[in-house]
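Undergrad: Sequence:
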Amino acid sequence: MGRRPFSPAKWLAFVVPLIVVVFVASHVLSVSAAGDLRGHAGRIERLGRRSQALSLVRGDLHRMGMSLGQAEQGDRFDRSRFDALRASMDANLLRLRIQTEPAEREQSALERDVEQDVRRAEETMERVATLLDAGDVRGATQIPSRKAVFDAEGTIERLTARQLEDAERESERIEDTDGRIKRVSTVLDGVAAGFASVLLVLAVNAARRHARLSEQASRLAEERAAELEIFAGRVAHDLRNPLANIALRAESGQKRFADQPNVVDEFARTANTADRMDRIIDGLLAFARAGGHPETNPSSVVCNVLSEVANDFVVEAERAHVELVVEPCPATFVACPEGPLSSIVGNLMRNAIKFVVDGPTSERRVVVRTALVGDRVRIQVEDTGPGIPTGMEQTIFEPFVRAPMSRARPGLGLGLATVKRLVEAYRGTVTVRSGAAGLGTCFEVELPTATEA
1 MGRRPFSPAK WLAFVVPLIV VVFVASHVLS VSAAGDLRGH AGRIERLGRR SQALSLVRGD
61 LHRMGMSLGQ AEQGDRFDRS RFDALRASMD ANLLRLRIQT EPAEREQSAL ERDVEQDVRR
121 AEETMERVAT LLDAGDVRGA TQIPSRKAVF DAEGTIERLT ARQLEDAERE SERIEDTDGR
181 IKRVSTVLDG VAAGFASVLL VLAVNAARRH ARLSEQASRL AEERAAELEI FAGRVAHDLR
241 NPLANIALRA ESGQKRFADQ PNVVDEFART ANTADRMDRI IDGLLAFARA GGHPETNPSS
301 VVCNVLSEVA NDFVVEAERA HVELVVEPCP ATFVACPEGP LSSIVGNLMR NAIKFVVDGP
361 TSERRVVVRT ALVGDRVRIQ VEDTGPGIPT GMEQTIFEPF VRAPMSRARP GLGLGLATVK
421 RLVEAYRGTV TVRSGAAGLG TCFEVELPTA TEA
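Mapping the sequence shown onto the UniProt record's numbering, position 389 (from 1) lands on 389, and the numbers just tick up by one.
If you're looking for bench data, these hints aren't it; they were derived computationally from the structure.
Please note that a few of the clues may not be correct.
Each pair of labels, with its calculated beta carbon distance range [unchecked claim]: (1) Gly194 - Arg97: 34 to 40 Å; (2) Asn205 - Ala244: 55 to 61 Å; (3) Leu94 - Gly139: 28 to 34 Å; (4) Ser362 - Glu308: 27 to 33 Å; (5) Ala244 - Gly435: 39 to 45 Å; (6) Gly48 - Leu199: 47 to 53 Å; (7) Ala203 - Arg169: 45 to 51 Å.
The structure displayed is predicted, hence computed values, not measured ones.
By construction, the Cβ of each residue, glycine as well, lies at the ideal position given by its N, Cα and C atoms.
Let's have the full structure, built from the sequences with the hints guiding it.
TA: Take a look at the structure:
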């Protein structure tokens, strides 16, 4: 079996979903990591607030014990200051309790121990304070208030140590999460680089394949165009020889049997048929040759070509009682050779003369005008015929397409297709529009200007 051709579409069908999956997974991991970081940071923040409240409780407890100790040594006991410290301590205990979440059971148990020891120390110190208020210093010294304070401070130290451990543990978890994010980021960078490399390879291969296919298509088109032109020329030559003989014999027959009207009519019909066949062959040959490549740096004088083509149609216009007018044109060169330009203008003039007789008015007039618009030459062929049906402004230029009113007349529908192919081959445009109420038709051709040949 031969090697299967490389298909970028199949690779993309595999790679693109994989990219989507990878980046969705990375997004999920990023969101999860961000949630972990917020959780760790929140717990560290709560530990900090609880540590601050615990530190304030210990400070108030210590200052209350100091005030009692100084009073026991003979200093004046300041009851108001003692009560203020006690109120502050109670408030800080309440803050500590509020800031502890129910899920933190171990922390809650230790904080309950702290609160119990602090309350016992507080009750002991209150008894001492009451004796000091009564002036019984000796009785106050008999109560072990210092031991109660030391026990409460020891419990506070254990809780403080545990909070520090928890904070260090949360910091380690933050470092682990940060490391995980960095590892995932490194992997994603590698994956992105890999995908970019794959897409680059796919793009390069696709571009090469497109260039190769374009080159093959261009070469095939050239070969087909050359073959078509050779074939069309051969067919035209082979058909025109017998047609020329038929036309010659028909003309001779008309002269020989001039006194027999019926025979003359038959020969005239034969001559007309031969002439129609010759025109059809001309159309096929022009259409085939229109597919060839244009010349390099073509140039022709617009006015000269219009004048020569108009002269060829003078007799035909007179027979159809059509007024053919070629308005004065600017002396300019157009980037199109005389042959193709003659075919373009000739097809448009022939169509206008052919169909103007079907117009809704008695006026039969075909006007050819030229104007210089920037760096382009605009040629208009306008008639007073029936106009183009709505919706056929584009399809009328396709091969073998004919408007309904033209189907009763001879032709294959290749004239306008030939015009379009020739105009576009020389970097021009051709459009058509009908007048008001569908009266009259105006074909407009624009071609680039050229320097003098």
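Undergrad: Each hint: holds or not?
TA: Here's how the hints hold up against the structure:
no.	hint	verdict
1	Gly194 - Arg97: 34 to 40 Å	55 Å, violated
2	Asn205 - Ala244: 55 to 61 Å	57 Å, holds
3	Leu94 - Gly139: 28 to 34 Å	32 Å, holds
4	Ser362 - Glu308: 27 to 33 Å	30 Å, holds
5	Ala244 - Gly435: 39 to 45 Å	41 Å, holds
6	Gly48 - Leu199: 47 to 53 Å	48 Å, holds
7	Ala203 - Arg169: 45 to 51 Å	50 Å, holds
Checked against the numbered hints above, the structure violates only hint 1.
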